[in-house]
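Quick mapping for you: the protein sequence lines, in order, are chains A and B.
So for the first sequence, the working numbering puts the first residue at 2; every next one is plus one.
So for the second sequence, the working numbering puts the first residue at 66; every next one is plus one.
Think of the hints as simulated: they come from the structure by calculation, not from any bench.
Do not rely on the hints blindly, as some may be mistaken.
Taking lysine-lysine pairs in the DSSO-like style, the calculated list, with each CA pair at most 27 Å apart, reads [claimed, not checked]: (1) A:K310 / A:K19; (2) B:K676 / B:K341; (3) B:K371 / B:K351; (4) A:K52 / B:K184; (5) B:K380 / B:K270; (6) A:K52 / B:K214; (7) B:K185 / A:K52; (8) B:K419 / B:K581; (9) B:K341 / B:K645; (10) B:K591 / B:K612; (11) B:K159 / A:K52; (12) B:K419 / B:K270.
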Amino acid sequence: MMRHPGLSVPIGQNTFLKRFSFYMILSVLMLNAISLINLLSATTNIAKHLKGIFYSQIMWIAIGWALYWLLTFVSYRFFVRFAYVFYIVNIGALIAVMFIGKTSYGAQRWIDLGFFSYQPSETMKLAMILVLAKYLSRFNPSDGIGFRNLFVPMLLAGIPFALTAKQPDLGTALLILAISASMILTMRVRMHVLVTGLCVALVAGPLAWQYGLKPYQKNRVLTFLYPNKDPRGAGYNSIQAKIAVGSGQLWGKGFRNGSQSQLEFLPEKQTDFIFCVLSEEYGFLGCIATLGIYAILLMAILQCAMTAKDLYGALLSIGVFSLVIWHVFVNIGMVTGLLPIVGVPLPLISYGGTSSMTMMVGLGWISSVFYRKDMF
Amino acid sequence: MKIHISYEEPALRELQNRGSLLYIALGSLFSFLILRLIYLQMIQGSALYAFSEKNLLKEIRVQPPRGIIYDRNHRIIAENLPNFALTLSPQYIKDLPPLAHEISEIVGIPKEEIINKFKKDSRINGSYRPVTIKNFLNRTEINRLELLKIDFPGIDIEELIFREYPYRDAFAHAIGYISEISDTELPRLREKGNRIVQQGDVIGKSGLEDRYDDFVRGVTGISYVKVDAKGREALGESLKFLGSIEDLPPKAGQNIETTLDLDLQLAAQETFLKHKQTGALVAINKQGEVLALYNNPSFDPGLFSKGITSDVWSKLINNPDKPLRNKAIQDHHSPGSTFKPFIALTSLQDGNIKEKTLVNAPPVFMFGNRPYHDHTKTGQGYITVTQAIEMSSNVFFYKQGLATGVDKIALYTKALGLGARTDIDLKNEVPGLIPTSEWKQKNRGEPWQEGENISIAIGQGFVSVTTLQLATAYMAIANSGKVYKPMVVKKIMDTENRVLQEFSPTLVNDLTDPTKPYYVSPDNFKIVQKGLFLVANGERGTARGAKIPGFTIAGKTGTAQVRGFSADQVYANCYNRPKKQRHNGLYIAYGPFEDPEITVAVLTEGSCSSKEAVPLVKEFYESYVKKYHPQAITQNSEPDTKKGKQ
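Work out the full structure, taking the sequences as your base and the hints as a guide.
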């Protein structure tokens, strides 16, 4: 029992409080509040079966916080030990979803667990962070990562990427790739590896376009590049989203006064397009405030990475950092027309059980890293 | 501890030293987003805002209240009533059957019917468009429904405008009806330069509603309604972002005052219904103001405002008596014997006869080897022109027709307004026809036959007139030659009834103007008037049975053959024929004889005889006298009763 990390005894009252990242807690609470306010607005004129999601979200937030505190006091090392187990189980779930998954919007992404729909590709992001953190903390030659060291991480990232892309959910697949790449790149990588990687990406891109993408995926990219070509059809969502964001102007239209959001011009306004509701009703100021809160959260995560007592904790923090920042960037980039429309939720604001849980588990780990930064 | 800290340490240090790179990554990614937001919200913001407004606004055209139509005594004959309609908003209704049950109890529509209508309408229009369950709720219903609203959401009582014709079918043809513009009418109106009307607007379709539509209709308003991406009306009180766009309120139409007299119009209807005749009645005053214009059968124009059902519509158009037709101006027919006074006038002015000239009128008149019959078996013997009018002698007028010829007849009858549109301010008037020799040559390619003058002389042959023309021409005889254009509208007024435009009587012709080719001496008018007096008052007058106590009228009856039957068939077996082939009855009378005020023309379709038209005129006059000369009745009632006792 004495060896269990969770039972480490604090030295004093003041130091005990310093073991929690208050910036993180505060920013997450503020994002929770933003989520609820916007969900309240988004559900005003929503279809009947979605009326209850405001209350569901309160429940998810509560469960999320419970997980956060639980994981804070459980050593992240516990998860290190079982990283590959999580990874393999999750790969299993991704394979299972191909056979027993629910199909929605043309993609098989969910497994119906009765009380909620489980989306394995979401938890895959966490498993990916775990295994990469474990692998990279073990194999990091002092002269930087060479090709030989890249083989296993690429394989680890490649399998879930392929499985998720197959669903098809290219957005999540690319996010898994982006998170993996971010984690690898923060390590020391040899210059020739970087150069080669860049060249491969340049060659692989067009090849993937030609052979790897489904027509609807190509269409999304084309629509992104030329949204006005078919404003009533494929480009509709992108254009309406941009109108929603832009029409908020400086001050926004006010709570529940966003015409775009209230009157069904936006698809999935409670999940992937929640930022439209926010930016239409609270304008540029609301957007900047929200981005500011995200920035505080991300810096709190980085603080954990910087103060982590071991490489594993640092890598875990960087993994969660990239998880959050890529989601924020891709989601807001997509609704503002910077990126094509892909199904990526806005962390902690979009409605959704799996997404909320994923984020809170990730943050719980980081909290655990922070909690243990001074422990030996 | 199991962890190899010593092994990890250098790598961790290195990683943490590179941490600033991650801050830079965070800064640059967020900068991207912020720049993008600045571009969209600050630079493009107002343009995208305009887009978002356009996105959710739908123009709804709001029909204005139409102008009120008054009779000559400022009594309302067409108005707008609020229509309280019960509507249900599908999106708020969760459990329909109990609600339908409650509503059924109040408004008396079967529960199943309510449910079916609700389901059908919400399927077609979506759940945001309220379904109208019942129009024209009464006060009790409204009160009870208001109470019901507390327990059931989604019930609404909407206030709409409804065009009401309080006298139902009494004024149908004069006022006309309104209804939504049709697909074929819109391009036609556009061609005529009417750019105001649009699909969905309600316009006048006949009568005054049609003729004065531009005045009465008002200006359609525009209301901006919030809609969602699917074009459905969005309800939501909290949407206050419409500040910059104002609704354009509808402008009410202008009111009009007609020359019609409600009491006389109702009297016309009453007498037609009493005698179960179909036909027309026109009453005009001496300056051409139409006092009554009634056709039987009629229809309720309110049916059209409520939205006529196909069932009722097909009944109306398939009715052989054509209730939708304004027979007084849309049907032209032979004038029959009512044409004889015009022949008398022509012959007198032409100098063929004088007042006292005696002409032999045997029962049969031979022209060539063809016999032309009188309507009596005896004939009238030697008679003067006034006697000929009194007894409606055929042979007398055959001879006059032959003597004057068609072109002389045409000269005077056309001057009196026959055979051409009177230009009354109602639509779809037909001209009828007064033939001339030139006309026949041109249109039939044949010269005028002398024998045709004989048919013309008794108002048969090519002669064809409308009931309204007869009334106008008889009024001109009563006026000793002054022909006025008939008119229905006197004043156009704004919504406060301030007069905007007033129409004065139009003198079309004055036959006593010696400079004119159609000059008729006042004396000759006197002679014809005397003849008309005898018709109604003489011992052998054809309408002597229709005297009005205390009020002297003068007129002429006519039994007009339906075209296509030879003269021999005219008086034979009329009653055995189908109604459409039977003769029409006509009686046109003006009064009082001494100082004419009003002329009444009655057409009874297929009545075979003018005897059917006479009582209608009589009863109409009785109503007229009751209203305009009440002292005439009181003065004469006493001697009348004494007579009765003798």
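Here is how each hint holds up against the structure:
The suggested pairing of K310 of chain A with K19 of chain A holds, with an alpha-carbon distance near 15 Å, which does not exceed 27 Å. For the hint pairing K676 of chain B with K341 of chain B, the CA-to-CA distance comes to about 14 Å; that is within 27 Å, so the pair holds. About 38 Å separates the Cα atoms of K371 of chain B and K351 of chain B, which puts this hinted pair outside 27 Å; it is violated. Taken as a hint, the K52 of chain A and K184 of chain B pair is honoured in the structure, with Cα atoms around 23 Å apart against an allowance of 27 Å.
Pair hint K380 of chain B plus K270 of chain B holds up; C-alpha atoms about 18 Å apart against a cutoff of 27 Å. A C-alpha spacing of about 24 Å is found between K52 of chain A and K214 of chain B, which places the hinted pair at or below 27 Å, so the restraint holds. Note on K185 of chain B and K52 of chain A: the hinted pairing holds, with a Cα-Cα distance of about 26 Å set against a maximum of 27 Å. Proximity of K419 of chain B to K581 of chain B is assessed by CA-CA distance (about 22 Å); at most 27 Å being required, the pair is judged to hold.
As the CA atoms of K341 of chain B and K645 of chain B are separated by approximately 16 Å, the hinted pair is consistent with the 27 Å bound. For the given pair, K591 of chain B sits about 21 Å from K612 of chain B by alpha-carbon distance, which is consistent with the 27 Å threshold. The suggested pairing of K159 of chain B with K52 of chain A holds, with an alpha-carbon distance near 14 Å, which does not exceed 27 Å. The hinted pair formed by K419 of chain B and K270 of chain B fails the criterion: a straight-line CA distance of about 51 Å is larger than 27 Å.
In the structure shown, a violation is registered for the earlier hints numbered 3 and 12, in ascending order.
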